[in-house]
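Novice: Sequence:
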Amino acid sequence: MSSTRAGGRFIKDVVRAREDKERMINEAQGYRNAVIPEARGQAAQIVRVSEGYREEKIKRAEGDAKRFLQQYAEYKKAPDITRKRIYLETMEEILPDINKVVMENKKGGSGVLPILPLGKNSILGGNK
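Under my numbering, the final residue of the sequence shown carries the number 129; numbering is consecutive throughout.
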């Protein structure tokens, strides 16, 4: 009888092991079925974002090149005027809030004059 009990226990252990194996396989497949689509979705989103970034950079570079060629065509027609215009546009862009007037000065001065505050509350001279 002892061998029959041992054989029955062995069979139960084998059956339990097979059930555990099936359960683990099912859990792994469920995990795979959840993770792989999510990873594919994230990968697709990364690709879309990078393609948008690429297109933006290409369009910006094309626009910059077109703008440069237009400026170069104007420069060939009138180099001095174009050079001054580009200089003044650059100064307006990098110094937008500076209260100064830049004037060309060929006698060696600084060419920079302060702007006087001529608002409603300003008092000039002796007239009050």
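These aren't lab readings, by the way, just hints derived from the structure by calculation.
Each hint should be verified, as a subset may be incorrect.
Straight-line C-alpha distance at most 30 Å; calculated DSS-like pairs for lysine-lysine [claimed, not checked]:
#	residue 1	residue 2
1	K67	K77
2	K60	K78
3	K67	K78
4	K60	K77
Derived CB-CB ranges, DEER-like [to be verified]:
#	residue 1	residue 2	range
5	E93	V36	15 to 23 Å
6	I26	T5	29 to 37 Å
7	A40	M92	29 to 37 Å
8	V36	L89	28 to 36 Å
9	Y54	I82	49 to 57 Å
10	E75	E52	43 to 51 Å
11	K67	Q30	28 to 36 Å
12	A45	I12	48 to 56 Å
13	I12	R33	44 to 52 Å
14	M25	K58	45 to 53 Å
15	R33	T91	54 to 62 Å
16	A35	A7	36 to 44 Å
17	A40	A7	46 to 54 Å
Don't be surprised by glycine CBs; every beta carbon is placed ideally from N, CA and C.
Novice: Now tell me, hint by hint, if it's right for this structure.
Specialist: Hints, verified against the model:
1. K67 with K77: 15 Å, holds
2. K60 with K78: 27 Å, holds
3. K67 with K78: Since the Cα atoms of K67 and K78 sit roughly 17 Å apart, the hinted pair holds (cutoff 30 Å).
4. K60 with K77: 26 Å, holds
5. E93 with V36: 15 to 23 Å: With a Cβ separation near 55 Å, E93 and V36 fall outside 15 to 23 Å, so the hint is violated.
6. I26 with T5: 29 to 37 Å: 32 Å, holds
7. A40 with M92: 29 to 37 Å: The hinted range 29 to 37 Å is violated for A40 and M92, with Cβ atoms some 52 Å apart.
8. V36 with L89: 28 to 36 Å: With Cβ atoms ~59 Å apart, the hint is violated.
9. Y54 with I82: 49 to 57 Å: 38 Å, violated
10. E75 with E52: 43 to 51 Å: 35 Å, violated
11. K67 with Q30: 28 to 36 Å: Given range 28 to 36 Å: violated, Cβ gap about 55 Å.
12. A45 with I12: 48 to 56 Å: Holds - the Cβ-Cβ distance for A45 and I12, about 50 Å, lies within 48 to 56 Å.
13. I12 with R33: 44 to 52 Å: At roughly 32 Å between Cβ atoms, R33 and I12 fall outside 44 to 52 Å, so the hint is violated.
14. M25 with K58: 45 to 53 Å: 48 Å, holds
15. R33 with T91: 54 to 62 Å: 58 Å, holds
16. A35 with A7: 36 to 44 Å: 42 Å, holds
17. A40 with A7: 46 to 54 Å: 48 Å, holds
Of the numbered hints listed earlier, those contradicted by the structure are 5, 7, 8, 9, 10, 11, 13.
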